[in-house]
Amino acid sequence: AQRVTQPEKLLSVFKGAPVELKCNYSYSGSPELFWYVQYSRQRLQLLLRHISRESIKGFTADLNKGETSFHLKKPFAQEEDSAMYYCALGGAGSYQLTFGKGTKLSVIP
Amino acid sequence: SAVISQKPSRDICQRGTSLTIQCQVDSQVTMMFWYRQQPGQSLTLIATANQGSEATYESGFVIDKFPISRPNLTFSTLTVSNMSPEDSSIYLCSVAGYDQPQHFGDGTRLSIL
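As they're listed, the protein sequences go chains B and D. For the first sequence, counting from 1, position 73 maps to 73 in this note's numbering; every step adds exactly one. For the second sequence, counting from 1, position 12 maps to 12 in this note's numbering; every step adds exactly one.
Source of the hints: derived by calculation from the structure; they are not laboratory data. Keep in mind it's a predicted model, so treat the numbers as computed, not measured. Think of the CB as a built atom: it goes at the ideal place given N, C-alpha and C, for glycine as much as any other residue. One or more of the hints may lead you astray.
[Claimed, not checked] So the derived list for chain D, only partly shown, Cβ under 10 Å to chain B, looks like this:
#  : residue
1  : T30
2  : S42
3  : T44
4  : T48
5  : S88
6  : L92
7  : Q102
8  : F104
9  : D106
10 : L110
11 : L113
Isolated chain B, as found in the complex (with noise of 0.2 Å):
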């Protein structure tokens, strides 16, 4: 079965610092992996997949198969980050998203 964990719900840092929010996935096939993002009052929207390998807003996440992680980093944390932030797996060739409980990330000017 596959499954999402991201261990923290919460999750405050103060502006300037680095950021690490960790994904950890459960499954036996071939993972396409994201993040979404999502900002008070607006929509879900997409942040990263791991087979763009880009960095968005200064985010990158690294698909590390051998610990089953796909943690979100930032080296330097800025108050427009402060956000609900989801990690969600997918299978290769499917659509479909299992997505985790989701950290919420809160910048401390």
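Position chain D against the provided structure of chain B, taking the given hints into account.
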């Protein structure tokens, strides 16, 4: 990415009534999904809307309670039937296809009195 329009954006309904939520996309998409997001919770997939055939429901969701239609590749509806206060939630439509991952509408915030 596709532009998704979801209506209504919010509604307050009486228990025992039904509400139909519409999801319109500005281009043809392969997949359309319906989710529920209860207050303070993550997203739970209700069903996959299949064009021209019955939707595929996830465990815990049934067609009688959440009938879904998808008459073409750009439109789908979700009906929440015989509503109770436990159905108060945000209902989300998402679309995917042609190597594009899921993108979400703004959601429908539903409150049942």
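Outcome of the hint check:
The closest approach between the C-beta of D:T30 and any C-beta of chain B is roughly 7 Å, which is under the 10 Å cut-off, so the hint is satisfied. With a cut of 10 Å, the hint placing D:S42 at the interface with chain B holds, because the nearest CB-to-CB distance is about 4 Å. Nearest Cβ of chain B to the Cβ of D:T44: about 8 Å, under the 10 Å cut. The hint holds. For the restraint placing D:T48 at the interface with chain B, the shortest Cβ-Cβ distance is roughly 7 Å, inside the 10 Å limit, so the hint holds.
A least Cβ separation of about 19 Å between D:S88 and chain B goes past the 10 Å threshold, and the interface hint is therefore violated. Below 10 Å, beta-carbon pairs count as interface contacts, and D:L92 has one with chain B at about 7 Å; its hint therefore holds. Among the interface hints, the one on D:Q102 holds; its C-beta lies about 6 Å from the nearest C-beta in chain B, closer than the 10 Å criterion. For D:F104, the shortest C-beta to C-beta distance to chain B is roughly 4 Å, which falls under 10 Å, so the interface hint holds.
Interface hint at D:D106: satisfied, since its Cβ lies 5 Å from the closest Cβ of chain B, which is below the 10 Å cut-off. Given the 10 Å rule on beta carbons, the hint for D:L110 is violated: about 16 Å separates it from the nearest Cβ of chain B. With 10 Å as the threshold, the beta carbon of D:L113 stays out of range of chain B, its nearest partner Cβ sitting at about 23 Å, so the hint is violated.
Comparing the model with each numbered hint stated earlier shows that hints 5, 10 and 11 do not hold.
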